[in-house]
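Undergrad: So the chains spell out like this:
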Amino acid sequence: SQQGEEDPQALSIQEGENATMNCSYKTSINNLQWYRQNSGRGLVHLILIRSNEREKHSGRLRVTLDTSKKSSSLLITASRAADTASYFCATDGDDNAGNMLTFGGGTRLMVKP
Amino acid sequence: NAGVMQNPRHLVRRRGQEARLRCSPMKGHSHVYWYRQLPEEGLKFMVYLQKENIIDESGMPKERFSAEFPKEGPSILRIQQVVRGDSAAYFCASSPGRPVYTQYFGPGTRLTVL
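Quick mapping for you: the protein sequence lines, in order, are chains A and B.
Using the working numbering, the letters of the first sequence correspond one by one to residues 1283 to 1395.
Using the working numbering, the letters of the second sequence correspond one by one to residues 742 to 855.
For reference, chain B alone in the conformation it holds in the complex (with noise of 0.2 Å):
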């Protein structure tokens, strides 16, 4: 059973440019949270979202930034118009449904915004 896959691993990205991380959740898993990671600081959630809904987005930013699940492929983060800020570690976890027990977490992709 294959573990919470993400890719790229790492993106470099220009200022102004799109960003775009992908993140396939382990089978049987339903459910997908990303979080950020800025350097030497802990996770912050972004957003949760089952298949083709968003439950909860209250740790996304209100600009740039959106989040899909569609019915079929990998979930998508969706960074729009980089910002150096945008620089940080995007984790992805997946869990097999509520309650939220274990979150089983991707390897990350490292966005540089150049």
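If we strip away everything but chain A, and leave its shape as in the complex, we get (with noise of 0.2 Å):
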């Protein structure tokens, strides 16, 4: 099973309005990281929350994590059609050394003009 799972798997918004996506994972992890994939390309790193901290802001991102519930928030503030994408987070653990990033299956996003 996925140690990273998304939720909503999708989210329909209007242009300026927020959309928040949650991820759960399973084991202790050291970091949790979110990133965005637009259609047919790579992956791009937007944040990175450490186990020992509880929010972290960046532009109009905000990230939570609840290491108790083993679960984070992305916030994307007053959202823009150009961050239609899909949103993962990906946690790297004390279970696998930090060798890999395991990823959930994404938050795909959708913001209507």
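For the record, the hints were derived by calculation from the structure and aren't laboratory data.
There may be inaccurate statements among the hints.
[Stated by the list, open to error] Here are the computed distance ranges between Cβ atoms for each label pair:
#, chain 1, residue 1, chain 2, residue 2, range
1, B, 843, A, 1395, 28 to 38 Å
2, B, 794, A, 1395, 44 to 54 Å
3, B, 794, A, 1300, 38 to 48 Å
4, A, 1359, B, 795, 34 to 44 Å
[Claimed, not checked] Pulled a few chain B residues facing chain A out of the computed Cβ check, cut under 7 Å:
#, residue
5, 782
6, 783
7, 784
8, 786
9, 843
10, 846
11, 847
12, 848
13, 849
C-beta: ideal position from N, C-alpha, C; glycine also.
Join the two chains, each given in its own frame, into one complex according to the hints.
TA: Given below as structure tokens:
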């Protein structure tokens, strides 16, 4: 089973609205990262949050991490049509000696102009 | 500083042929990771390499798949005797070293097996 599971799987909003995506994971982690993938393209790193951090901001992005619930959320404020993409959370943890990132299935976000 | 480069971007092979995918990491990065992505799914780890060493290949299929990262030149992911199920996007990522923090991804190679 996947370490990270995002929900919702798909999200459609109007430009200007906020978008919230959630990620749950199963084992202990060192870091959790969020990536964006435009259709047919590679992944772009958005933000990394360490296991001892609870919240982090980067521009219009806000990430929270709750290690007690093994969950994270990504909030995109004032969304734009250009934010349309798939968003993935990825974890690296003690169980894999930091060798790999374990990705969830992604949330497909559509922002309508 | 050029990003991670992968080639080819698209590769079409017939069943039974070999596929070779290349990855040049970012300058100064000595750690390379390969991932596979099936349509509408997340990325799945395949293998982690450093120069001339395979560190972790726990995600690699036992047969037909191999990877290398020679002292000189790009990392190569090789798939022998491809089957239709190998059709996917293959992504390479690099990082400057342990511990794993941010990995920088290439644009991917989309393999189609006819």
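Undergrad: Go ahead and decide if the range 34 to 44 Å is satisfied by the Cβ distance of residue 1359 of chain A to residue 795 of chain B.
TA: At roughly 43 Å between Cβ atoms, residue 795 of chain B and residue 1359 of chain A fall inside 34 to 44 Å, so the hint holds.
Undergrad: Quick check on the hint: residue 847 of chain B CB to chain A CB, less than 7 Å?
TA: The hint holds - residue 847 of chain B has a Cβ within 7 Å of chain A, the shortest such distance being about 6 Å.
Undergrad: Would you say the C-beta atoms of residue 843 of chain B and residue 1395 of chain A sit inside 28 to 38 Å of each other?
TA: holds (31 Å)
Undergrad: Grab the minimum C-beta distance from residue 783 of chain B to chain A and call the hint holds if it beats 7 Å, violated otherwise.
TA: Constraint on residue 783 of chain B satisfied, holds at 4 Å.
Undergrad: Just to be careful: measuring from the Cβ of residue 848 of chain B to every Cβ in chain A, is the smallest value less than 7 Å?
TA: holds (4 Å)
Undergrad: Should the hint that residue 846 of chain B touches chain A count as held when the rule is a Cβ pair under 7 Å?
TA: holds (4 Å)
Undergrad: Using the nearest Cβ pair, does residue 849 of chain B come within less than 7 Å of chain A?
TA: Residue 849 of chain B check passes; min Cβ-Cβ to chain A is 5 Å, inside 7 Å.
Undergrad: Double-check residue 782 of chain B for me: the hint is only fine if its C-beta lies closer than 7 Å to a C-beta in chain A.
TA: Cβ of residue 782 of chain B sits 6 Å from chain A, so the hint holds.
Undergrad: Under 7 Å is the threshold here; is the Cβ of residue 786 of chain B close enough to any Cβ of chain A for the hint to stand?
TA: This interface hint holds because 4 Å falls under the 7 Å limit.
Undergrad: When you take the CB atoms of residue 794 of chain B and residue 1300 of chain A, is the distance between them in 38 to 48 Å?
TA: holds (45 Å)
Undergrad: So, residue 843 of chain B near chain A? Judge it on the closest CB pair being under 7 Å.
TA: holds (5 Å)
Undergrad: Does the hinted range 44 to 54 Å hold for residue 794 of chain B and residue 1395 of chain A at CB?
TA: The hint (44 to 54 Å, Cβ to Cβ) holds, given that residue 794 of chain B and residue 1395 of chain A are roughly 49 Å apart.
Of the hints listed earlier, there is not a single one the structure fails to meet.
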